[in-house]
Each structure stands twice: as C-alpha cells, then as structure tokens.
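> In case it helps, the numbering used here puts the sequence shown at residues 1 to 396.
Source of the hints: derived by calculation from the structure; they are not laboratory data.
Not one of these hints is a red herring.
Using C-beta positions, here's what the derived DEER-type ranges look like: (1) GLU214 - ASP379: 43 to 53 Å; (2) ASP235 - THR346: 33 to 43 Å; (3) PHE90 - TRP148: 13 to 23 Å; (4) ASP235 - ASN139: 26 to 36 Å; (5) GLU91 - GLU32: 20 to 30 Å.
Where is the CB? At the ideal position from N, CA and C, for every residue including glycine.
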Amino acid sequence: MKKTISFITIGLLGAISLLAQPATEKATPVFESLIFPPQPQHTHGSSIVSLPNGDILAAWFQGSGERTADDVKIMGARLKKGTTVWSPPFEMADTYGLPDCNPVLFLNKHNKLFLVWIAVEAHRWECSVLRFRTAVNYNEAGAPAWNWQDNILLSPNDSFATETAVKFKQLTPNTGGSGAYAPIYDNMIVEASKDFAKRSTGWMTRIKPLRLAEGRILLPLYSDGFNMSLVAISDDDGNSWRASLPIVGRGNVQPALVQKKNGHIVAFMRDNGDNPPRVQTSESTDSGYSWTAAKKTTIPNTASVELIVLKDGRWAFVGCDEEDGRYRLSLYISDDEGMSWKWKRTLENEAKGKGSFSYPCLIQTSDGLLRVSYSYSVDKAAESIKYMVIDPGTIH
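Construct the entire structure; sequences and hints are all you get.
Given below as structure tokens:
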C-alpha cells in the first residue's frame with residue numbers, strides 16, 4: 001500500500017500539516033537524454049515548448065557564470081518530432097555586454113511563439129530588464145525567425161505598497177531581531193514598496209505562463225529585491241502587459257501557476273525565506289490580479305518548483321524536495337488539487353555534494369506524456385540540460 005502525504009488545510013492551501021510521506025519510487029521514463037554533452041560552462045534555467053508540428057523547442061542560459069558574467073546568453077536546441085537526438089545548440093538571444101538569463105518559451109492562442117527572458121543590468125538581479133522576442137516562423141532548423149523584439153515594462157502603482165503593508169500584517173509573526181541600526185525585515189520591505197523605481201524594475205522570469213480559457217495570459221514573475229512575486233497580465237494575447245498586485249510573503253519566489261476547477265488560480269513558489277524551507281503557496285479568486293498572503297506547505301524545498309494540471313484533472317508537481325541542497329528532484333502527483341500527494345517518483349537522487357538538479361520546466365503534450373527539462377550536473381565536473389519523458393498514466 002502506498003503511503004500518502006496528507007494535508008490538513010486551514011483556510012486556503014496555506015497552513016498544512018504533514019502526516020505521512022509517500023513511498024519513494026524511482027521514475028521509469030519513456031525516454032531521457034541530455035540535450036547536449038556535459039561541458040564546462042554554466043547551463044541553467046531551461047524552458048521547453050511543444051510546437052504545433054510536434055517538435056520540442058528548448059531554451060536555457062549558458063556562459064561563464066550568471067549575473068556577473070557578461071558572456072551569458074540564451075541558447076536553444078530542437079528535438080524534431082519522431083526523433084531521439086537533439087539538434088546542435090544554437091543562439092536564441094544575446095544582449096550585447098549584459099548577462100541574459102531565465103528564458104521562458106510559450107505560445108499564445110494564435111500559436112505565435114514567445115521567448116521572454118531577463119537582461120541583467122549592473123550585475124544585480126534587482127536591476128534586471130524583462131525582454132521578449134516573438135516568431136511566427138519557427139519550424140525550420142536552428143533558431144526561430146524572430147520578427148519582433150521589445151522590453152516588457154511594468155509600472156505597479158501605489159496599490160502595490162498598500163497591498164504589501166496589508167498582507168505583511170496577515171503573515172505569521174516575524175521572530176527576527178531588530179535594533180536601532182537594523183530595522184526588522186518586514187518594515188524594510190514595506191518601506192521599499194513605496195519606492196516607485198524599486199517596484200518598477202527587477203521583475204524576473206523563471207516559469208512558463210498560464211493561459212486561461214478566456215484568453216488571459218498570466219506570466220509569473222519574482223523579485224530578488226523584494227524577495228516576493230507578482231504576475232504580469234496580458235488580455236490581448238501578449239501584445240501588452242500590466243502588473244498584478246504583489247504576492248506578498250517572505251521569500252516566496254519563482255511562482256508556478258495552475259487553475260482549480262472552481263476557477264481560482266493557485267501559485268506554488270520556491271521558498272527563499274526563513275526556515276524551515278518549504279514550498280509556499282497563494283491563491284487568487286479574480287483571475288490572477290490579487291493574491292492571498294503566502295503560506296508554507298509541508299513540501300521541503302530549497303531551489304525549484306513546477307506545477308501543472310494534467311489532462312485527467314490530477315496535479316503534477318516537480319521540485320527539489322530536500323532542505324539542504326539540490327541533489328534530489330522529485331515528481332509528485334495529486335488527485336485532489338494539492339490537498340494531498342499520493343504518489344511520488346524520484347527523477348534524480350544523488351548523495352549530497354555529488355549532484356545538482358534544479359529549475360525544472362514541466363509540460364504535457366497532446367499525446368498525454370509529461371515532458372520535463374532541468375539543469376543537470378554530477379560531481380560538479382560539467383553541466384548540461386536533461387530532458388525526460390514520463391507517462392503519467394502509469395502513476396496510480
């Protein structure tokens with residue numbers, strides 16, 4: 001008999017109690033491969049999209065570092081439908097003289113391809129600029145034929161500051177110390193939220209957007225300056241964007257979004273805050289504009305989250321479910337919209353310090369198969385992006 005993670009929920013998906021851990025089983029992939037051979041450059045932050053012709057297009061950032069390395073660019077590769085060998089990598093985007101990171105690929109309702117990423121100014125995450133490219137011709141070998149490029153500029157108004165102050169009061173008490181020369185964390189963030197320049201810059205991509213049935217696109221974003229998240233909203237198929245209210249919390253970053261059967265939007269977020277590190281969650285009842293204050297679940301988390309609703313109605317979550325590294329990456333399946341997680345499959349699991357697996361991208365294609373890409377490194381010798389295909393129908 002499989003054990004289960006049972007969640008006792010108080011209010012929304014927030015204050016949750018872990019009763020039992022699901023039995024750990026190794027995933028049995030339908031297919032798995034490295035997108036390119038392990039190499040010495042840093043490769044991270046992958047995204048994949050299934051194109052209308054059945055090809056899988058991947059993107060990641062690669063270079064001699066991250067935000068402080070100006071040679072970092074967005075790279076890509078293509079897996080043609082019916083094949084098992086990825087194309088040689090090709091350049092997708094490169095902002096001259098700046099590091100380019102965290103690419104996200106997606107299609108709008110008219111199958112226009114979007115690549116959204118960040119260019120990091122001043123070598124500081126909080127100075128990042130959101131950039132995007134689009135293409136309508138993308139089926140040929142190599143990079144898509146980009147036909148448009150611009151920046152996504154957000155201008156959260158004073159309601160951002162009001163919401164931040166209100167929602168911080170709804171969080172669990174902050175037990176961190178303070179002094180005359182060291183204001184408490186909450187007060188510092190509330191004060192920073194009043195600064196129009198700070199709240200208008202530094203919003204970063206990581207995870208694919210959620211496209212609602214009515215056409216709205218919700219692009220999840222986060223800030224290392226505020227150490228919390230928000231959503232860029234488009235009601236015109238990606239032509240223009242506006243900011244949601246902030247998803248307020250302490251270290252709730254890199255949100256992954258799904259829609260519940262009742263229409264509410266749920267965000268699962270990486271925990272970049274206080275101990276214990278747990279996946280954080282928030283919920284929106286107005287199609288992604290306003291959000292409940294973030295709360296911790298009981299899923300251990302240090303680096304990564306991803307979340308989708310499967311065609312059969314179950315939820316699939318992928319993340320680093322340990323408290324002290326990135327050496328394990330696991331897939332969880334829920335049949336009750338995240339209230340419990342009855343099935344778990346380990347995608348990667350090495351001894352601490354022997355492997356690093358993180359920043360997954362998770363999609364389900366028209367054939368019902370789960371496809372996941374993630375950063376992959378063993379023994380710190382070299383890095384690649386791994387691609388794995390799993391049949392969720394075998395997990396029950």
